[in-house]
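Full structure from sequences and hints, please.
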Amino acid sequence: MTDRAALFAALLALFLGACRPSPPDPTSTASPQPRATPTPTPLPTFRSTAALGHATHLAGLGPRIPESPAALEARAYLVTQLETLGWRTSTQNFEAPTPEGTRAYTNIVARFAPDPKAPLPADPPILLAAHYDTMRAHGAAGPGANDGASGPAVILEIATVLAASPALARQVEIAFFDGREPLRQFSAADGLYGSRFHLSRPEALPSGFRMALILGMVGGTDAYFTLPPDTPPTLLDRLREVATATGCTDRITAATRPLWDDHLPFLQAGIPTLLLTDAGYPYVRTADDTAARLDAPSLDRAGNLALQLIAAGPPPTPATPQPLPTP
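For the sequence shown, the working numbering gives the first residue as 290, with consecutive numbering after it.
Derived by calculation from the structure, the hints in this document are not laboratory data. Incorrect hints may have been included.
[Unchecked claim] Listed next, with one range per pair, are the computed distances between beta-carbon atoms:
| id | residue 1 | residue 2 | range |
| --- | --- | --- | --- |
| 1 | Arg473 | Asp577 | 21 to 27 Å |
| 2 | Ala600 | Thr391 | 40 to 46 Å |
| 3 | Asn382 | Pro605 | 33 to 39 Å |
| 4 | Thr545 | Ala478 | 35 to 41 Å |
| 5 | Ala581 | Pro410 | 37 to 43 Å |
| 6 | Leu472 | Thr609 | 29 to 35 Å |
All C-beta atoms in this analysis are idealised placements derived from N, C-alpha and C, irrespective of residue type, glycine included.
Rendered as structure tokens:
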């Protein structure tokens, strides 16, 4: 374990310990006082069964390799669902150099604007994002039920909840990234194509996003959310409060190694970014990553954590820019 990972594990231990009530002082005669617990912000109910339905549909399209028929169907589904809720969508079509030549990718971006005549919300401070693609495979490619469908599915249901709270919805930009998966191996030149491109827009910095929430593999049966060592302390504190309020501190663990995911470009830019993902999911990038491996309670925990983090708002200060880890 690196010094940085060891320090993060120690911080997470303090994080979890702070979420448990302190035992009463055996020498005290005063009645023990209950520990104050933050109250979750009232929001409409997150429907985990609806999220499960979205993930099942996306996985049923098959492997969503960039620019494949399944990827096009997935984009159409995501756009239709968002626009039905009053989110105005646009696509980012771009090409990126890869180890196997130039490839085409397409991101989906949405902001809440139910009135088609009204302007889009300017500079939402919060980005909520997930990738929808699956990895190119030389053998059998998996449907990516957890890795590539669970994150977008949770976001679609979050979009439903936020649509009932327009003021909060206007604080959020939703993005579905293409090209998260590398063609060979994650590196500074391979993978995370969609998130890198999204951040390259002039409006993204420096006065744009003040917090980014990235949802990875969040729907597997009995999922645990593995926080990477580069999680900013300000968001770790915020997550502690929210996890305590929602009763899921026991589902948060610390990674002992860096995690390559779409949070990295935002951390490089100094944007406080939280990745929620189950790094221990055993079926990643296999044909067994099917809808049968998904779990409504896991989707529910991810959705409610993300919703409460959005309601709490961005941390007051930016994060320290982080370099890319060694693959």
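Taking 35 to 41 Å as the hint, is the beta-carbon distance of Thr545 and Ala478 inside that range? Given about 26 Å between the Cβ atoms, the range is violated.
Determine whether the Cβ-Cβ distance between Leu472 and Thr609 falls within the hinted range of 29 to 35 Å. 31 Å, holds
Regarding Asn382 and Pro605, is the given constraint of 33 to 39 Å on their beta-carbon distance met? 36 Å, holds
Hint says 40 to 46 Å; check whether the CB-CB distance for Ala600 and Thr391 agrees. Given a distance of about 41 Å, which is inside 40 to 46 Å, the answer is holds.
Do Arg473 and Asp577 keep their Cβ atoms within the hinted range of 21 to 27 Å? 22 Å, holds
That 37 to 43 Å hint for Ala581 and Pro410 (C-beta), does it hold up? Distance hint for Ala581, Pro410 holds at roughly 39 Å.
Of the numbered hints listed earlier, the single one contradicted by the structure is hint 4.
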